[in-house]
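Taken in order, these protein sequences are the chains called F and A.
For the first sequence, counting from 1, position 75 maps to 74 in numbering that gives the first Met the number 0; every step adds exactly one.
For the second sequence, counting from 1, position 91 maps to 90 in numbering that gives the first Met the number 0; every step adds exactly one.
It should be emphasised that the hints constitute simulated quantities derived from the structure, not laboratory data.
Worth double-checking, as some hints may not be accurate.
[As the list claims (entries may be wrong)] Okay, the calculated bits of chain F under chain A, using three or more residues with CB under 8 angstroms as the criterion:
| id | segment |
| --- | --- |
| 1 | 87-101 |
| 2 | 116-124 |
[To be verified] Sample of chain A residues with no beta-carbon within 10 angstroms of chain F, all distances over it, derived:
| id | residue |
| --- | --- |
| 3 | S2 |
| 4 | I58 |
| 5 | Q64 |
| 6 | V66 |
| 7 | Y89 |
| 8 | Q95 |
| 9 | V105 |
| 10 | K124 |
| 11 | S146 |
| 12 | T184 |
| 13 | L185 |
[What the hints assert, rightly or not] One-sided and incomplete, this derived list gives chain A residues near chain F with beta-carbon spacing under 7 angstroms:
| id | residue |
| --- | --- |
| 14 | Q20 |
| 15 | L57 |
| 16 | Q65 |
| 17 | I70 |
| 18 | S77 |
| 19 | L81 |
| 20 | Y91 |
Model, not experiment: these values are computed from the prediction.
The beta-carbon is built from N, C-alpha and C at its ideal position, and this holds for glycine as well.
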Amino acid sequence: MNKPVKTFTTIALICAVTLAVMHWLTENRIKHNQQVYALAQLAKVLPNANETLTKQPSTALVYASHLNSDPTGFILPLTTRQGYNGAILGWLAVDLNGQVRGIRIVEHNETPGIGDVIETARSDWLNQFIQQQHGSAIFELKRDQGTFDHVSGATITTRAVTRAVGKTLANAQPVLINSTATEKRSDD
Amino acid sequence: MISYKSIAFDGIWRNNPALVQLLGLCPLLAVSSHLATALGLGVITLMVMLSSNFLISLIRNHLHQQVRLPIQILVIASSVTLADLCLQAYFYELHQRIGLFVALIVTNCAILGRAELLASRSPVKYAVLDGLMMGLGFLLVLVVLGSLREIIGYGTLFAHMDIILGTATSDLTLHLHDFPILLATLPPGAFLVFGCIIAFKNYLELRHERRKTLPVSQQVT
């Protein structure tokens, strides 16, 4: 082997070993951080900061929330591709009867300053959904003969979120009735 | 021989990697919408520059012509990956915001440029000082740009500082005014503000030049 190749190989090996050691050292900490972060993002959707979350096997009700081990409800994933720019992802917290307790959008690419009214930090537009449930309202904008206000300039974004909330609640309703029934039976 | 003073002056002002060489602008413009994220990326870039300059200068006698560039990129990429792992392990929330651009530091031409131009042919002490000063120059521009864009675009300063300093200092946010100009937070605004900073630097230099060339009798101060 000629000399440049030898040097290159040696340096590449040193780099690889250093990175492997560093990866091994930080691996657990990073995994722990990821879980803490994901749960913290999720917990923001709950009205009570002391509630705890447990992962559910169901894909419709992803987490169950408890307050002092009493069940308080579930967290549902909120997704739509009908926004102005790519997917909008969020979480919806409902109580055992399916009434909305909290809602939060965690990921979107809507236009900054216009479509970002769906962020809780920017506007309280999302609060109109609180205490609504499947059947309590028409999940369309008022201009589409529905119940909810739109935000001028962000009609597409707000329409997409409104419909997604309606759809999520409707889809979750049957599962919710089932699991609440089991919950009640096991209590008796 | 290169003097320490001229290396320092080069890095921070005369040959500033961002303002004069216009290198590494992608992360510079992308993360500078808040001071906190700008500071975060600036510090990481500084660390990477320092360590890559140090390591490359250390092995400079083994850098054969044929494998010189691959080795330099290998060293820089390894430094960046190390920095990225540390960031994920200790500043996870900061990583959530600027993680994408941390990986892009590898392609920051300012770093390879310094490795190639100075570190691979100078003693370690010069290379380290150069890495520090070039990194500081980049960091300073990021901080100024981040502050200006945050003040103009959001009307605040020091928002989200907790992602760098830990949760103990949760709210340092200063609300300066209620007339945020959205443009400053968008990519075109980044270019505009950055252009103004370059123009201001050039203005300062021109004025300095003119002062120097004026005969003493005509100087009005």
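Hint-by-hint comparison with the structure:
no.: 1; hint: 87-101; result: violated (count 0)
no.: 2; hint: 116-124; result: violated (count 0)
no.: 3; hint: S2; result: holds, 31 angstroms
no.: 4; hint: I58; result: violated, 7 angstroms
no.: 5; hint: Q64; result: violated, 8 angstroms
no.: 6; hint: V66; result: violated, 5 angstroms
no.: 7; hint: Y89; result: violated, 8 angstroms
no.: 8; hint: Q95; result: violated, 7 angstroms
no.: 9; hint: V105; result: holds, 13 angstroms
no.: 10; hint: K124; result: holds, 22 angstroms
no.: 11; hint: S146; result: holds, 19 angstroms
no.: 12; hint: T184; result: violated, 6 angstroms
no.: 13; hint: L185; result: violated, 7 angstroms
no.: 14; hint: Q20; result: violated, 27 angstroms
no.: 15; hint: L57; result: violated, 11 angstroms
no.: 16; hint: Q65; result: holds, 5 angstroms
no.: 17; hint: I70; result: holds, 6 angstroms
no.: 18; hint: S77; result: holds, 4 angstroms
no.: 19; hint: L81; result: holds, 6 angstroms
no.: 20; hint: Y91; result: holds, 4 angstroms
Figure legend: structure checked against the earlier numbered hints; hints not met, in rising order: 1, 2, 4, 5, 6, 7, 8, 12, 13, 14, 15.
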